[in-house]
Amino acid sequence: MLRSVSNKLTAFPTRSHVSSTASSNSWTTIVPALARFDSIGVLRAAVELINDGEKPDASPLVHLLRVSGNYGYVSLCQQLHGYVIKHGFVSDTRVSNSLMRSYKTSDSLEDAHKLFDEMPEPDVISWNSLVSGYVQSGRFQEGLCLFLELHRSDVFPNEFSFTAALAACSRLRFMRLGACIHSKIVKLGIEKGNVVVGNCLIDMYGKCGCMDDAVLVFQHMEEKDTVSWNAIVASCSRNDELELGLWFFHQMPNPDTVTYNEIIDAFVKSRDFNNAFEVLLDMPNPNSSSWNTILTGYVNSEQSGEATEFFTKMHSSGVRLDEYSLSVVLASIATLAVVPWGSLIHSCALKLGLDSRVVVASALVDMYSKCGMLKDAEVIFWTMPRKNLIAWNAMISAYARNGDSTGAIKLFNRLKQERFMKPDRFTFLNLLAVCSHCEVPMEVTLGYFEMMVNEYGIKPSVEHCCSLIRAMGKRGEVWQAKMVIQQFGFGYDGVTWRALLGACGVRKDLKAAKVVAAKMIELGDADEDEYVYIVMSNLYAYHERWREVSQIRKIMRDKGIKKEVGSSWIQGQNVAIQL
DNA sequence: ATAGGGTTAG
Numbered sequence: 001m002l003r004s005v006s007n008k009l010t011a012f013p014t015r016s017h018v019s020s021t022a023s024s025n026s027w028t029t030i031v032p033a034l035a036r037f038d039s040i041g042v043l044r045a046a047v048e049l050i051n052d053g054e055k056p057d058a059s060p061l062v063h064l065l066r067v068s069g070n071y072g073y074v075s076l077c078q079q080l081h082g083y084v085i086k087h088g089f090v091s092d093t094r095v096s097n098s099l100m101r102s103y104k105t106s107d108s109l110e111d112a113h114k115l116f117d118e119m120p121e122p123d124v125i126s127w128n129s130l131v132s133g134y135v136q137s138g139r140f141q142e143g144l145c146l147f148l149e150l151h152r153s154d155v156f157p158n159e160f161s162f163t164a165a166l167a168a169c170s171r172l173r174f175m176r177l178g179a180c181i182h183s184k185i186v187k188l189g190i191e192k193g194n195v196v197v198g199n200c201l202i203d204m205y206g207k208c209g210c211m212d213d214a215v216l217v218f219q220h221m222e223e224k225d226t227v228s229w230n231a232i233v234a235s236c237s238r239n240d241e242l243e244l245g246l247w248f249f250h251q252m253p254n255p256d257t258v259t260y261n262e263i264i265d266a267f268v269k270s271r272d273f274n275n276a277f278e279v280l281l282d283m284p285n286p287n288s289s290s291w292n293t294i295l296t297g298y299v300n301s302e303q304s305g306e307a308t309e310f311f312t313k314m315h316s317s318g319v320r321l322d323e324y325s326l327s328v329v330l331a332s333i334a335t336l337a338v339v340p341w342g343s344l345i346h347s348c349a350l351k352l353g354l355d356s357r358v359v360v361a362s363a364l365v366d367m368y369s370k371c372g373m374l375k376d377a378e379v380i381f382w383t384m385p386r387k388n389l390i391a392w393n394a395m396i397s398a399y400a401r402n403g404d405s406t407g408a409i410k411l412f413n414r415l416k417q418e419r420f421m422k423p424d425r426f427t428f429l430n431l432l433a434v435c436s437h438c439e440v441p442m443e444v445t446l447g448y449f450e451m452m453v454n455e456y457g458i459k460p461s462v463e464h465c466c467s468l469i470r471a472m473g474k475r476g477e478v479w480q481a482k483m484v485i486q487q488f489g490f491g492y493d494g495v496t497w498r499a500l501l502g503a504c505g506v507r508k509d510l511k512a513a514k515v516v517a518a519k520m521i522e523l524g525d526a527d528e529d530e531y532v533y534i535v536m537s538n539l540y541a542y543h544e545r546w547r548e549v550s551q552i553r554k555i556m557r558d559k560g561i562k563k564e565v566g567s568s569w570i571q572g573q574n575v576a577i578q579l
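For reference, each letter of the first sequence is one residue, going 1 to 579 in the UniProt record's numbering.
Keep in mind that the hints were calculated from the coordinates and are not lab data. Worth double-checking, as some hints may not be accurate.
[As the list claims (entries may be wrong)] Straight-line distance between alpha carbons at most 25 Å, and here's what the computed SDA-like set of lysine to any residue pairs gives:
| hint | residue 1 | residue 2 |
| --- | --- | --- |
| 1 | K508 | K562 |
| 2 | K224 | P255 |
| 3 | K55 | V31 |
| 4 | K387 | N413 |
| 5 | K422 | N388 |
| 6 | K187 | E241 |
| 7 | K416 | H113 |
| 8 | K508 | K459 |
| 9 | K416 | L354 |
| 10 | K459 | R173 |
| 11 | K422 | L148 |
| 12 | K55 | N25 |
| 13 | K224 | M175 |
| 14 | K375 | H437 |
| 15 | K86 | A58 |
| 16 | K375 | L354 |
| 17 | K8 | A35 |
| 18 | K410 | L389 |
| 19 | K313 | T335 |
| 20 | K224 | E241 |
| 21 | K422 | Y456 |
| 22 | K410 | F420 |
| 23 | K8 | Y83 |
| 24 | K410 | K351 |
| 25 | K519 | D509 |
| 26 | K508 | E548 |
| 27 | K511 | R545 |
| 28 | K375 | R320 |
| 29 | K351 | S288 |
[Said to hold, decoys possible] Here are the in silico distance ranges between beta carbons for each label pair:
| hint | residue 1 | residue 2 | range |
| --- | --- | --- | --- |
| 30 | E530 | L281 | 24 to 34 Å |
| 31 | G88 | G41 | 21 to 31 Å |
| 32 | L281 | Q551 | 42 to 52 Å |
| 33 | V195 | S91 | 31 to 41 Å |
From the three backbone atoms N, C-alpha and C, an ideal C-beta is built for every residue, glycine too.
Generate coordinates for the entire structure from the input sequences, incorporating the hints supplied.
Here is the structure:
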């Protein structure tokens with residue numbers, strides 16, 4: 001954690017050649033300046049003051065740490081940490097807590113946790129700071145574990161302790177734990193008189209799908225602020241209660257940009273793009289989010305063409321494009337696989353300086369891989385300054401999609417070596433998919449499946465099992481695959497049989513296919529039926545059983561099933577996005 | 001001189 005053993009703070013460029021302004025400064029003038037505004041100039045002066053031998057006490061140090069943390073000067077924070085240790089400030093919880101905050105804001109959560117572990121007597125603020133650090137960086141489970149640990153410690157939690165924990169429950173859809181925390185809050189008498197706690201409760205119930213409880217909390221709040229109203233409107237929109245949401249909206253005293261964005265989102269979720277667009281044009285202060293909401297709506301409802309058109313409109317209207325605008329439009333381009341548009345957005349990202357943001361870079365990896373440009377995806381991935389699990393998964397799925405099982409497995413092994421990074425169900429989904437599609441030995445595939453269940457405690461989903469079934473079926477282990485289907489209780493799920501039938505089709509195993517097809521017809525899912533007929537007619541044709549082929553073709557004609565003509569999705573012309 | 005912790009939108 002500590003890199004500097006020098007007595008001087010060197011991380012921050014000081015202006016030693018300039019006639020020192022520091023001599024005229026002192027902590028009495030610097031501290032109020034640091035307190036009033038985060039300025040690099042004042043920070044520089046403070047660092048010079050320390051290097052000139054003026055010893056700060058706790059308060060200036062707290063300010064210094066806050067400002068250097070806000071600017072992301074990790075190295076300076078680390079050197080100040082050294083200073084703090086050397087001059088015996090570690091036992092000062094205020095100083096240590098502000099050090100923790102600096103590490104958090106400069107994305108060094110691990111350093112913050114280490115410091116926390118070294119603190120002799122962490123107080124409730126230290127705990128809250130660390131819990132919220134985990135929650136804010138998306139590590140919800142770890143945050144909740146710490147929160148529960150706080151309850152077992154001798155430190156007494158306060159209202160601040162609950163808000164981050166509730167936020168984590170919201171994101172994880174942990175309704176039962178959230179409700180437990182709610183009852184604890186009521187017991188401690190915190191519920192009334194704290195707006196933020198109430199807001200978190202509304203949000204938690206809303207995100208967990210408990211609309212009624214969200215409304216109850218809202219109605220019982222003695223004091224409501226804009227966030228409370230926004231949270232209840234958001235809960236309505238999330239739970240497809242457009243009318244109720246509008247009802248709250250019309251009662252709201254002072255709607256702000258977030259409120260209007262929620263209303264846009266509510267319309268978008270009910271596929272009412274006209275009203276969404278009308279709100280966007282009528283609202284007082286639309287921002288990037290307002291536009292992004294509609295853009296996301298198009299992508300989510302699989303209207304990629306509309307999405308790219310809308311993006312062009314955003315650009316020509318002078319809307320400030322942010323990392324979300326770019327990542328969403330990249331997702332729509334990825335489904336269209338129009339390479340020139342993708343490159344255009346890539347250069348747009350470079351120009352805006354957003355290309356190394358995790359969401360943008362992950363979207364670029366995904367876009368290039370869906371356009372079949374694996375090498376470009378690799379370059380983006382390896383040049384990312386920070387990678388989260390989504391980025392790793394995007395790259396593994398890039399290999400999987402392009403049939404490179406060696407690449408996928410290699411990258412998976414790299415991921416396993418990463419500290420603080422744990423493969424999740426999506427990682428294994430891609431890994432198992434590539435194993436089932438390529439010539440990966442069955443025992444290797446089974447090994448990953450078992451690793452997922454035993455080592456990482458991930459419950460296999462239908463999709464995971466389908467990959468396993470496909471892998472077995474392709475190797476002629478149809479009966480074993482049938483056992484997997486039964487064993488995991490997916491016997492009534494047409495998708496699993498479909499996977500097996502597909503595998504039989506690959507192996508040209510007519511005998512096994514007939515058994516599986518009969519099972520699928522018995523389940524009677526219309527969409528699956530269609531697939532059965534196509535696979536079976538191809539199989540009969542392969543075995544030159546023309547009588548059966550014409551019988552099946554007749555059934556297909558009667559049912560109006562048509563065979564899609566195979567074609568490539570990659571497009572390479574007609575640049576329609578104008579930037 | 002003396003400001004370490006919390007919530008809502010894509």
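Structure-based check of each hint:
At roughly 22 Å between alpha-carbon atoms, K508 and K562 fall within 25 Å of each other, so this suggested pair holds. The straight-line distance between the Cα atoms of K224 and P255 is roughly 13 Å, inside the 25 Å bound, and the hint therefore holds. The hinted pair formed by K55 and V31 meets the criterion: a straight-line CA distance of about 13 Å does not exceed 25 Å. Straight-line distance between C-alpha atoms of K387 and N413 comes to about 16 Å, which keeps the hinted pair within the 25 Å bound.
A hinted pair counts as satisfied when its Cα atoms are at most 25 Å apart, and K422 with N388 qualifies at roughly 10 Å. At most 25 Å may separate the alpha-carbon atoms for a hinted pair to count; K187 and E241 exceed this at roughly 31 Å. Distance hint between K416 and H113 is fulfilled; the C-alpha atoms sit about 22 Å from each other, no more than 25 Å. Between the alpha carbons of K508 and K459 the distance comes to roughly 32 Å, so the proposed pair goes past 25 Å and is violated.
Distance hint between K416 and L354 is unfulfilled; the C-alpha atoms sit about 28 Å from each other, more than 25 Å. Of the pairs offered as hints, the one joining K459 and R173 holds, with about 17 Å between alpha carbons and a cut-off of 25 Å not exceeded. Simply put, K422 and L148 have alpha-carbon atoms about 21 Å apart, close enough for the 25 Å limit, and the pair holds. Annotation: proposed proximity of K55 to N25 holds, straight-line Cα distance about 13 Å (limit 25 Å).
Under the criterion of a C-alpha separation no larger than 25 Å, the hint pairing K224 with M175 is consistent with the structure, at around 23 Å. Taken as a hint, the K375 and H437 pair is honoured in the structure, with Cα atoms around 21 Å apart against an allowance of 25 Å. Straight-line distance between C-alpha atoms of K86 and A58 comes to about 13 Å, which keeps the hinted pair within the 25 Å bound. Restraint check: the Cα-Cα separation between K375 and L354 comes to about 21 Å, which is no more than 25 Å; the hinted pair holds.
Taken as a hint, the K8 and A35 pair is honoured in the structure, with Cα atoms around 24 Å apart against an allowance of 25 Å. Between K410 and L389 the alpha-carbon distance is near 16 Å, which keeps this suggested pair within the 25 Å criterion. For the proposed pair K313 and T335, the alpha carbon gap of about 20 Å is at most 25 Å, so the pair holds. In summary, the hint linking K224 to E241 is supported, as the alpha carbons are separated by about 21 Å, within the 25 Å threshold.
For a cut-off of 25 Å, the pair hint linking K422 to Y456 stands: about 8 Å separates their Cα positions. With a C-alpha separation of about 18 Å, the suggested pair K410 and F420 falls inside the 25 Å cut-off, and the hint holds. Proximity of K8 to Y83 is assessed by CA-CA distance (about 9 Å); at most 25 Å being required, the pair is judged to hold. With a C-alpha separation of about 33 Å, the suggested pair K410 and K351 falls outside the 25 Å cut-off, and the hint is violated.
Among the hinted pairs, K519 with D509 is consistent with the structure: their alpha-carbon atoms are about 16 Å apart, no more than 25 Å. Distance restraint check for K508 and E548: the Cα-Cα separation of roughly 15 Å lies within the 25 Å cut-off, and the hinted pair is therefore satisfied. For the hint pairing K511 with R545, the CA-to-CA distance comes to about 13 Å; that is within 25 Å, so the pair holds. Between K375 and R320, the direct Cα distance comes to roughly 31 Å. Violation of the 25 Å bound is thereby established for this hinted pair.
Taken as a hint, the K351 and S288 pair is honoured in the structure, with Cα atoms around 17 Å apart against an allowance of 25 Å. A hinted range of 24 to 34 Å is violated for the C-beta pair E530 and L281, which are about 43 Å apart. As the Cβ distance of G88 to G41 is approximately 29 Å, the hint placing it in 21 to 31 Å holds. Between L281 and Q551, the C-beta spacing of about 58 Å breaks the proposed range 42 to 52 Å.
Here the CB-CB span from V195 to S91 is close to 35 Å, well matched to the stated 31 to 41 Å.
Figure legend: structure checked against the earlier numbered hints; hints not met, in rising order: 6, 8, 9, 24, 28, 30 and 32.
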